[in-house]
Each structure stands twice: as C-alpha cells, then as structure tokens.
Amino acid sequence: METYIIDADNIDGDLFFYNLTRNSNDFSMLPVFELDRIAQKIRNILKKHGSRKDIILKHNEIKEAFFSPFKPQLKTVQVFLSHSHADKNKALGVKDYLESKTKRKVFIDSLFWDYKDDVLNKLAKHDDISKIEDAFTLILRESLQDMIEKCPYFVFLQSKNSVSNQGLSRITYSA
295 METYIIDADN IDGDLFFYNL TRNSNDFSML PVFELDRIAQ KIRNILKKHG
345 SRKDIILKHN EIKEAFFSPF KPQLKTVQVF LSHSHADKNK ALGVKDYLES
395 KTKRKVFIDS LFWDYKDDVL NKLAKHDDIS KIEDAFTLIL RESLQDMIEK
445 CPYFVFLQSK NSVSNQGLSR ITYSA
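The numbering of the sequence shown is our numbering, which starts it at 295 and goes up by one.
Be aware that a few hints might be false.
[Stated by the list, open to error] EDC-like, lysine to aspartate or glutamate: derived pairs with alpha carbons at most 20 Å apart:
hint: 1; residue 1: LYS410; residue 2: ASP428
hint: 2; residue 1: LYS425; residue 2: ASP412
hint: 3; residue 1: LYS341; residue 2: ASP428
[Stated by the list, open to error] Pairwise CB distance ranges, derived in the manner of DEER restraints:
hint: 4; residue 1: GLU427; residue 2: GLN367; range: 32 to 42 Å
hint: 5; residue 1: SER424; residue 2: GLU355; range: 17 to 27 Å
hint: 6; residue 1: ASN415; residue 2: LYS352; range: 35 to 45 Å
hint: 7; residue 1: GLN372; residue 2: ASP422; range: 38 to 48 Å
hint: 8; residue 1: PRO446; residue 2: SER424; range: 35 to 45 Å
hint: 9; residue 1: GLU427; residue 2: LYS397; range: 35 to 45 Å
Simulated from the structure, these hints should not be mistaken for lab results. This structure is a prediction, so every number in the text was calculated from the model and none was measured. Here a beta-carbon is modelled for each residue, glycine too, at the ideal position from N, C-alpha and C.
Just need the whole structure built from these sequences, with the hints factored in.
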C-alpha cells in the first residue's frame, strides 16, 4: 500500500476546488429512502431476538445490511481518503481532484461515519439502540479497516483539525 499525506491547510483553492460537481455514481449522497431501507433491515435483525436483554448481534448480518447498497461502488475503490470531519469539504475536493487526475475511485471514511449516525438515528425513532450502538460502531471500524487493507493507496488529509502535535504523541480528531 502506498501512503500519502496532503497538507489541507495549504491547498491552493484553484487547484482542488475548481470542479465540485457530484458524480451520479458517488456513494456519498445516499438517498433518504436507502437509509430507511437499511434501518428497516437492521430493525428486522434486532426483532429476531425479541425483547431479550442479552442480544447477540450477528456481525456479518449487520455488516451486510449496512454495506449492501454500496457494493457496486466499493468493488472499484482504490484510494482510501481519511480526514477530520471539520475538513469534509476539502476532502470532497481532494476526492474530485484525485478521481479526475488519476482515474481511480476514492473512498472517504467520514461519509460512512455520517451514514452510520443517520442509520442509528432512524433506528432510534423506533427502538432503544443503547445496547447496540457501540457494537455497530465496532462493526463499522472493522469494515473500514478491511477497506483500508483492500485499497492500494491510502491518503491522509492532514490539517490543524486532524492532528494535534503534543510532543511525541499525536492525537487525531477524525472519525
């Protein structure tokens, strides 16, 4: 895997933000009806367990329900782009730039964290999600790790929002 760091605080706006049109195949803009469908799939998985307090989630069932709408796009992704949530617009610009210049599909990690939150919010309208929220987050983390390993290129969008230099320790404020 090749790893790159882009200094987001010193991006020349004309270079990266000249064309922010959205690609119709882009999975960053998932329609609301998809969120409802995914939330319903997960709700059905939870209902199988009834009102038991010791719910054991089947990892692969949850993972499949969550990622199934994205399978076609995820198969073609070659670049994993990680960034701070505060730099989301810059990340979208970098994604567009990389896709136009390299012809490689780019996966942005924060879009899936946002998507996870949207799905959990939909579930919370009908169910108590307190017992599954952490498990859901761990499943997403593992899935993102799988995606990092799948991609031959890893790009980290470094900025004052993403990394705090505190001596020898570095803390990310990313998702």
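inquiry  = Check the structure against each numbered hint from earlier and tell me which ones fail, lowest number first.
reply    = 4, 6
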